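Participant: Next come the chains, spelled out residue by residue.
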Amino acid sequence: MQRREFITKSIVGGLGLMTGLTLKPGQLLLAKDSQGLVDLAAISGGEPEVMFRAAIDAMGGMKRFVKGNQKVLVKPNIGWDAPPERAANTHPSLVMEIIKSCYEAGAKEVFVFDNPCDEWTRSYKNSGIEAAAKEAGATVVSGKNESYYHEVELPRAKSLKKAKVHELVLNSDVFINVPILKNHRFGGQITIAMKNLMGVVWDRDYWHANDLHQCIADFADHFKPHLNIVDAYRIIRTNGPQGISVNDTALMKAQLISPDIVSVDTAATKLFGLDPASVSYITKGHSNKTGTMDLDSINIKRMKL
Amino acid sequence: MKQRGLKQLRVIVALIYFIGLSAVFLDYREWIPLDWKGNWVAVQFLPSLIHAMTGYAAALGTMIVLILLTFLLGRIYCSAICPLGILQDLTLRIIRRFKRMKFRYRAPSLMRYGVLVTVGLTLPFTLGVLNLIEPYSQFGRIATHLVKPAVIQLNNALAGLFDWFGSYAIVPVSSSSPRWGTVGITVIFWSVLIILVIRRGRIFCNTVCPAGTVLSFISRSSRFRIRIDPERCNGCGRCGGNCKTECIDSKIRSVDASRCIVCCNCMNECPAGAISYRFSGLKQRRLASGKPNLVDSARRVFLITSVSSVALLPAVAPGSSISSFAAAPPGAGSVDDFMDKCTACQACVSVCPTGVLKPAFLQRGFSGMMQPYMAFQQNFCNYSCTSCGEVCPTGAIRLLPLEKKQVTRIGIARFHREQCVVISKYTDCIACGEHCPTKALKVLQAGERLVEPHVDDALCIGCGACEYACPVRPRRAITIEPLNRHEQAKPPDRGKSVPEETITEFPF
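These protein sequences, in sequence, are chains A and B.
In terms of numbering that gives the first Met the number 0, the first sequence opens at residue 0 and continues consecutively.
In terms of numbering that gives the first Met the number 0, the second sequence opens at residue 0 and continues consecutively.
Rather than coming from a laboratory, the hints here were simulated on the basis of the structure.
As the structure is a computational prediction, the values presented were derived from the model and not from experiment.
Note that the Cβ used here is the ideal one computed from N, Cα and C, for glycine as well.
Where hints are given, some of them may not hold.
[What the hints assert, rightly or not] Partial selection, computed: residues in chain A whose CB lies under 8 angstroms from chain B:
#1 L36
#2 V37
#3 N68
#4 Q69
#5 D117
#6 E118
#7 G136
#8 N182
#9 L250
#10 A253
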């Protein structure tokens, strides 16, 4: 069913490239955001699941993003074979709570996957995410099999002209991106929502070898998640993105939610203490009009628990 | 007739062990616990012998038990524990469905001593000759390189079918492309074995197999053995016609205990009920033992020994110069030690979760053929994994405590700066630095908003994460230079804990 759906989508995409694949409900919603809805919710001072509940309520509830009978993809960062306290992966309690709220909003099925850097079964298990997601009723899918990835063209891209994308990204109704805020040792020094999308493609080598920042921006421009939830409960300060020990992490107890991937990365970079203008992929995302870095132009709800 | 159940018992024990051992090699999703796998492979004769020689007490215990068992009961090892033996029996069973098999008594060939002497002569220089014919390792290679890929293909075909219907219930498993050298050798060996089985039954076990030959020395004087009661025997010869080891001379009503593997098939075939398995005193043993026919043998031993020794001369070349091509896994101590102990059974290859362990073809010369090496272009060694050490039956890979493994340097990362994306294209990458688990890969400022990697040798353990992650082709910009003798690396700097960062006001 899904594969057939995908094939149909690809054909449609091939004919009317931009409409077929990239115009998703989220973008329609974005247009409505100016009418008083919150564009970005920032919250601090609580446990991940508690902060999420308060923040998503402030955004207008999960029903704003997930409609009845929809197929939802929740994409956390499960990049590393590391326990939750090392903050190399998204906090499992947050992932669990998101899945629950999707089902409460009427989702038909919620899927979870990542294409980890470390051995995938160990990353899924030791991050605690596999167990948490299953407990919440999600279907946990492998991201380490090429047959799940399908080649898609990115017509507006400057560097990443095509990519092999996981079928769950291609055929889910709602795509929820759940990165964790971390130091990263590459020139941008930080990994958040846009960089987290590297986990939904098969061939990351191409990105690394062909202007990484441009590829990150190109991909985010074509595959905008409907919602981005940045886990900043415990963040990696040094030796990111995997860290060596708990000493690389700091307890920040914060969370950011926004349908705009550039805004959420801008806000998170500031929260981390860096200048978003120094992070090349964020500025590229802004000039591509993937989203906006101008936080004054959007409706931000700030909360403290 | 009373002992009819003995054959059934043998078949049941053999099947249980065989299925268990096959599961160890075919388990492609780490369903079976590692300690269970380790125990299951630890009862093999030649691997245990090698392990015992390194002073490992448990393996010494296994050896003693196996030797005592053979001394007491005969070569039941060959019937119920040797996986290649059981595989031959299964093959025979299948062939028998299509073809009537008839064996006849043959005088023991002294070729087995020739092979044993050849193996013995080469042992001080190489394990290569032993590894080619060692039965358990042969089985391991058949299971790992021929059967497991088929199982994975089947799994993936099913997963694809489920995926088509929108279900993710079956998890597809990535399988690396077959290594034709390894597959080729394994196919050739298995084909030869099948032909031997069709023509001469268990001839491999009594002419080629070094374990069989060693055990035959012991079983020659085993206490319990198959005997033909001359009073009851009617001389029909059915026992000899059904003996897959061709060791029953029904004319003189004698069973060659050195070659008999106590399969008990003869017992159930005998219409007169003249064959039994029973305790034999010294006198009876002398009477019953078949006298080897020495006419053709001496010359044959000489021929085989000299021809094979000459043929194997290139193998005896020292391995250290070759070792630089292929790193040995942590726990091996050194590439040389590893090559001296590994029988290339592929147990580690089958349990390696990332698939970084791959069988060598000619990377380490003939001596190291089929012995695993770290194929860093395929994958890298998981920082928190010691699976290979848990299963190795020969002690070629010792089980290191995790904290020791994490500081065991098996190679060292070498950065080829001019090839690095940061230098050649002046764009960001740091894939290597992101993957490095010890942070031996430091970053240096390479320009505004650009960083380039730099290896801190003291911290590097040679896990290969950087080489694997490097996107540069065909030659990668960072590669692992294998070390022959493994070293201890500096433990990674764990830093000091960072205070809680309470947010008083959002900075936006």
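Participant: State for each hint whether it applies.
Facilitator: Hints, one by one, checked against the model:
no., hint, result
1, L36, "violated, 18 angstroms"
2, V37, "violated, 14 angstroms"
3, N68, "violated, 14 angstroms"
4, Q69, "violated, 14 angstroms"
5, D117, "holds, 7 angstroms"
6, E118, "holds, 5 angstroms"
7, G136, "violated, 14 angstroms"
8, N182, "violated, 11 angstroms"
9, L250, "holds, 5 angstroms"
10, A253, "holds, 6 angstroms"
Of the hints listed earlier, those the structure fails to meet are numbers 1, 2, 3, 4, 7, 8, in rising order.
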